[in-house]
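Peer 1: Read off the chains here:
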Amino acid sequence: MSQIPALIPTSLLLASLVALLVGLKSHRAAHLIALAGAVFAFVCSILGLQAVIQGDGEAIRYAMGAWVPPIGIEFVLDSLAAYMVTLITFIGVMVLIYAPRSLALETPGRQGMVYPSMTLVLAGLVGMCLTGDVFNLYVFLEIAALAAYALLAIGDRGAPVATLRYLLFGAVGGGFYLLGVAYLYFAAGTVNMADLSMRLPELMESRAVIVAAVLMVVGLGVKMALFPFHLWLPDVYTNAPSVSAGLIAPIMTKVSAYAIIRLFLDVFPPGFFTESLPIATTIGWVSAAGILFGSVLAVAQHDYRRMLAYSSVGQLGYIGLGIGLANPLGMIGGLLHILNHALMKGLLFMIGGAVRLRFGTTKIPEYVGVGRAMPWTMVAFTVGVLAMVGIPPTAGFFSKWYLLLGAADAGAWIWFAVIIASSLLSAIYFFRVVEMIYRDPETDSAVADHEPREAGEAPASMFWPITIMATAVMAVGIFNVLIVSALLERVVAPLGG
Amino acid sequence: MTADFLLSRYPYILIAVLFGIGLYGMTVKRNLMKKVIGMTIFQTSIYLFFIQGATKQGATIPVRVPEMGTSPELYINPLPQVIVLTAIVVGVAITGVALSLILVLHRRYGTLDEVELLRRMRESA
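Chain order of the listed sequences is U and E.
Counting from 1, one number per residue, gives the positions in the first sequence under my numbering.
Counting from 1001, one number per residue, gives the positions in the second sequence under my numbering.
Please keep in mind that the hints were generated in silico from the structure rather than gathered at the bench.
All C-beta atoms in this analysis are idealised placements derived from N, C-alpha and C, irrespective of residue type, glycine included.
Among the hints, a few may not be true.
Rough simulated footprint, nothing fancy, chain U against chain E, three-plus residues with beta-carbon under 8 Å [claimed, not checked]:
#, stretch
1, 1026-1039
2, 1042-1051
Which stretches of chain E does chain U cover? Using the computed rule of at least three CB atoms under 8 Å from a CB of chain U, they are [said to hold, decoys possible]:
#, stretch
3, 1062-1073
4, 1096-1103
5, 1110-1124
Isolated chain E (complex conformation) (with noise of 0.2 Å):
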């Protein structure tokens, strides 16, 4: 009973042991490095759960093939890849915003240190 509940569900248990590491890294993390790093690893559970919830055996890309009809049950509906494609490019260009803010903490302050920095930036405030 709980080999089939796994077998059948693992991809949803794996996404959301990722979503939890995420948001981990995110909260509990004092080194700014890490929390962005939890970041990414939270978006990219969101991305593996949109394309996990679109899959279906047995279909193929959908591109309409005359011989083999039109039932929705042959071809994967594009829509969820596209949203996801559309997501990550987002995704990175955050990354990249966060990732050349900590370039700008590092040579400014010498640590990434959430704690530590909070403190000083409230005292030259």
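One chain only, chain U, in its complex shape (with noise of 0.2 Å):
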């Protein structure tokens, strides 16, 4: 059991790395040794959730190489790392499954090298979310955006702008994330964030430690694209490939979001975030500017992909609401919201990549008669609009819900209203598409007319995994109260209440 914390991320850093030298020669073996470390992972992720929850939330720790912290580093499975680990490594089973069949099409004759991108990607987010030193989720931070490039420049002729662009992005967020850790570390003389959380109540005046606060949570917010620091976004996901897309916008963003969290929860003395300086209240407001600004920029797109960039762009926001309401329930509300968005975003963009691979087109205009040629593909794109929108038993339903309890307890009416709306305008985008996707081609003389280029359902491979994750989205919903008394109300007890 206690060698849980290590045996997830460096599995998966195992199989990427075999995976990258039977590529060479065969994608299909490097698609078994992926997927193969990415369920092996996601055993291990399940046993550490189990025993976490068991152990009433008590941490397993591993020390790398035996190096006792605070001089090594070392690997922390508690309740939030556990909660964030499974839900990535599920991710990256589901997306494995589904890529072979998409990334034909997509990438022809490249799909070696994209399973060990996948596996390393992987590999780095549970890496963030396990390691309890601030400079080695440095170093995690920057192998899965490395591999995320990599992933993302192989998509449509435009995608190495649009990586591009990310990447000079990505490099000012963890340039500033890393001089927050070196301020950190002369003024605590620590990297550790079990040490940190030990010394930095003495020094909450301190210049450095304020300063290390600020460069740390905006290089982890450019990361993250709250907004203003989106810009690199919706091109990215549009000229990704499917694959990488619905691997990388449920999860990676999200990853950067748990790190302020941990930042916020665990690192940081409480209070420090919400008196000592309004770094909160700061990401709450740039988060519900983000959250209106994304839903009514997803309104106006006619890319299938690009309406669920700028989806995510607002999605996003909830959960920096979460931060910025800074009580027990809006906390939940934007930790529930990472598992909800990830699913459902996750569903999404493999649904779109699943329509190209029939249809030949992402355009939303173009996806008249979907309906009727691939049902039951469309009855699990209808449960994840449902879940954007929020209308319960949906996941999406319940982590609003939480907010809107938060935003309420903390008497913040104007976020409470921001939510109501962004709900509404998310209704508008998404049951646009379901309109095209149920109209009658043969009776509808008003759109062009195009045969599909093969009939007929997904094929298995893709079917499945949208299948499982379109349930795993109903089945959040339904048991989202055991979710939240057995791990999220753990994490949000240093806010007290």
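Combine the two chains into a complex, taking the hints into account.
Peer 2: Structure representation (structure tokens):
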């Protein structure tokens, strides 16, 4: 059991290395190895999650290379890390099952290099969640980012332009974070998170610590695509292959949000982000602006992927709003939204890839008749849409519900109104797609007629991940009380109440 | 007074200037190659900040010499150096990926002007 925090990232790193070597010869073998690594990591995460819940939130600690922290780096599997790691590896397994058919269409001849990059992204992200060291977090952050650049750049013709812009934003974000780590180290003399949380309460007035907190949050905010640092995001998701977008859109930005939450709850002293400095409130306000901006622009998009990208800008705002509310209910809402949005957005991007495989288009006006050709996939799509809008009993409803309760609790009525307004806006832009899908191509002469490339549902390797994700969206909604009481209430304990 | 301040703090001032040059290059320049150059200057300024903050006058390398004793004043703290070494490796990897993307872009479009590239990318989408 005590080995689990180390096994999760190392199994993914190993799978990535082997898949890279094997991928030179055969991309099918590379796929199997990557999948095996991800499944192993997922099983480990489930075991770890179980152990953490049974141990009443007691963290499982692993000292890397037997160097005792704070001298060495420790990996910590606590409630929050177990929650995030299970989510990341679950999405990883689903996207890896889904990947081969979609990649064969969208990136022919280059699949062998995609699988190692995918496991490397997963390794970086689980590493970020598990590490108990602020500098090690930077290293994993950049591992995930570098592999993600490779995954995103192999997309459509314009993908390298978008990716290079993402890389430049990412470098600034990473640089600010690293500079923050430097200030923190000079002020407190340690980079171990547990050690920092012991030493920082005495240093609350120190200017170096204040500068460090601001730099780290700004850096992670850029990585998280927090408004107004979201500029790179729409182009990247629009040009990326469906598989890369399906892997990166659900989890990449969320893990940076997780890092902000980790700093807020466990590293800096309680009240530092709310009373000493208005960091939480600032995040809340820019998130509220981002929610409105993303939702409004999503309405105007004709490309399915671009619409999802702007919707992501808005949805990330919900997580930011949860941080901004800084009360237990709001934070639970934000954390729950990390899970919900990852499932919903992963589902919707996967469906986009399936439609692209069958119909060869990503333009919403050309989606006419998809509902007749792929009925079950479109049932899953409808589930995803209902969840995005926030209709019970889908997952999306409950995170918004907690956020609304949190906003009411804090008396933040403007944020309350923003959440309601953006739900209505997302109803507009998603029901527009639903309408196209269920239009009848034969009786509707106003639309350009086009034949599906191959009739019928998506192939089984794509259909089943989509179905499982849609089921998960429902299941997380129905069982959200279990998740909140077993995990999230412990996570938000530092906020009191 | 000013001279004293400059003499005691000049490395930090130079680092801040480098930091500013790097950010300026990344945000204002239109040519993507110049942006990448700005990025490396930006990253270098952060490494230098880390190293400068960890220097000690009159201390030696962090290998314990029995005759010198164990006072921490006598040895340089190795941790910032190790951190910066790791960060440099990360930075080199980022630069490598950026340069390979620039290579692809130049072959595909024949230009590195950001505004022009964005225009063409959105046209083709």
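Peer 1: Each hint needs a verdict: does it hold in this structure or not?
Peer 2: Verification of the supplied hints:
Look at the stretch 1026-1039 of chain E against chain U: 5 of its residues bring a Cβ nearer than 8 Å to a Cβ of that chain, three or more, so the hint holds. Under the rule that three or more residues need a Cβ within less than 8 Å of chain U, the assignment of the stretch 1042-1051 of chain E holds, with 5 such residues. Coverage of the stretch 1062-1073 of chain E by chain U is violated [criterion: at least 3 residues with CB-CB distance below 8 Å; count 0]. Beta-carbon proximity to chain U at under 8 Å applies to 4 residues in the stretch 1096-1103 of chain E; the threshold of 3 is reached and the given coverage holds.
Beta-carbon proximity to chain U at under 8 Å applies to 7 residues in the stretch 1110-1124 of chain E; the threshold of 3 is reached and the given coverage holds.
Against the hints set out earlier in the document, a violation occurs for number 3 only.
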